[in-house]
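**Student:** Sequence:
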Amino acid sequence: MSGEKPEDNKEITKVEEQEPAVVSVSEPPSSKKTAEKPSSKPADKPKKSSNVLGLLALLIAIVALLVVGWMYQQDQLNAAQTQNLSKSVTAELRSLTASQAEFNALISAQREALAQLRSDSSARLDALSRRSQGLEVTVQSLATVDRRDWLLAEAEYLLRLANQRAQLSRDPRSAARLLSSADEILRDLDDAALHPVRAELAKEIGALQRSAELDVEGNYLALQALALEAEKLKIYKAPSYEPVVVEQEQSGWQQRLEGGITAAWEKLRSYIRIRHHEQNFRAQLAPEQEAALRASLQLMFEQAQLALLANRPALYQRALEKSAAWLNRYYQLDEHRDALLEQITTLAAVPVGTEIADISASMASLKEYIKSNRWQKEARQ
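Residue numbers (full-length UniProt numbering): 1 to 381.
Worth flagging that the hints you see were computed from the coordinates, not collected in a lab. We put the CB at the ideal spot given by N, CA and C, even for glycine. Incorrect hints may appear among the rest.
[Unchecked claim] Straight-line C-alpha distance at most 30 Å; calculated DSBU-like pairs for lysine-lysine:
| # | residue 1 | residue 2 |
| --- | --- | --- |
| 1 | K322 | K234 |
| 2 | K367 | K377 |
| 3 | K267 | K234 |
| 4 | K322 | K203 |
| 5 | K232 | K377 |
| 6 | K203 | K371 |
[As the list claims (entries may be wrong)] Restraint ranges, calculated between C-beta atoms of paired labels, are given here:
| # | residue 1 | residue 2 | range |
| --- | --- | --- | --- |
| 7 | E368 | L168 | 50 to 58 Å |
| 8 | L168 | L128 | 15 to 23 Å |
| 9 | A325 | R187 | 49 to 57 Å |
| 10 | A361 | L309 | 51 to 59 Å |
| 11 | A361 | S132 | 52 to 60 Å |
| 12 | E136 | L168 | 18 to 26 Å |
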């Protein structure tokens, strides 16, 4: 429509204005149709061109919408991909960060372990160095040791062993023998500087010999023998009367008279019972009570043994007194019981709790001598 000229528009308007004049002349219809045909063709062309343009515009709009929709969809896909990629990158970054932290921790641990290993190695090297120095000193000291030093070391060992026997084992006899052996070694050395040591040894040997007069081992074994003999004692039983049957021939009247008097006396004795009311009545013991009584008596003797070894005189005396009282009260009067009571009385008179003499002075004196002797050797070198 925009491409048509203005002159054509004027001609069309003129033709349309002339149509009433043609009708007024009363022309036939055929001539009218023929006159109208040339005027309608130029009017259809603008309508077709406008329709084409509209279709083109519609197509262009549709295409534009499709393009816009496609571009929007692509943008959404790109955004989703970008978001997923960002998440994956973030996860990878976190994983790398964690791995780096673990790696750093591992490196730190390795460094600490290496530092600790270096410290331990240096400490071991220092210890080995000190040990080697000590061994060198020992080797040097052994190189200068002679027979005299060995004898002094042996005497010192004997004195130390004697102190252990006296204080721990409480055996003065063994301690005195050990001191005598050490004194013989010092005598063979023939050194005037050892006279103070030998003087102390003489005092200590005499003190131990006086302490050895108390035979602890013998008394212990005596108490053990009493415990074994207690099992053989007979428990006291209530007396019962049994008439004596005289089985002898009575030839003369004097014998018959004597037999009659004896029978009458025995008959009379069967009706008489003498009771001492100042003592408690001793009832007959059951068999299980007899076993318990024997076990208790043995325990008393064992208690006395322990008190003897522990130097507890009060407990020792109490155990022996109680065992003697039980023997008098519950056991039958016979020679066996009297022998046990006599042994208990003898053991009760044994002194318990005597202190063993201190024998550490000789050890201290010998150490001083060895120390001064070593200084003299070092000064000579």
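**Student:** Hints first: check each against the structure and report whether it holds.
**Tutor:** Verification of the hints:
1. Restraint check: the Cα-Cα separation between K322 and K234 comes to about 18 Å, which is no more than 30 Å; the hinted pair holds.
2. For the hint linking K367 to K377, the alpha-carbon distance of about 15 Å falls within 30 Å, and the restraint holds.
3. For the hint pairing K267 with K234, the CA-to-CA distance comes to about 29 Å; that is within 30 Å, so the pair holds.
4. A hinted pair counts as satisfied when its Cα atoms are at most 30 Å apart, and K322 with K203 does not qualify at roughly 40 Å.
5. With a C-alpha separation of about 70 Å, the suggested pairing of K232 with K377 is violated against the 30 Å cut-off.
6. In summary, the hint linking K203 to K371 is supported, as the alpha carbons are separated by about 23 Å, within the 30 Å threshold.
7. A C-beta distance of roughly 25 Å is found between E368 and L168, which places it outside the suggested range of 50 to 58 Å.
8. At roughly 38 Å, the beta-carbon separation of L168 and L128 lies outside the given 15 to 23 Å, and the hint is violated.
9. The beta-carbon spacing between A325 and R187, approximately 55 Å, falls within the hinted interval of 49 to 57 Å.
10. The hinted range of 51 to 59 Å is not satisfied by A361 and L309, whose Cβ atoms lie roughly 26 Å apart.
11. A C-beta distance of roughly 39 Å is found between A361 and S132, which places it outside the suggested range of 52 to 60 Å.
12. A hinted range of 18 to 26 Å is violated for the C-beta pair E136 and L168, which are about 37 Å apart.
Of the numbered hints listed earlier, those contradicted by the structure are 4, 5, 7, 8, 10, 11, 12.
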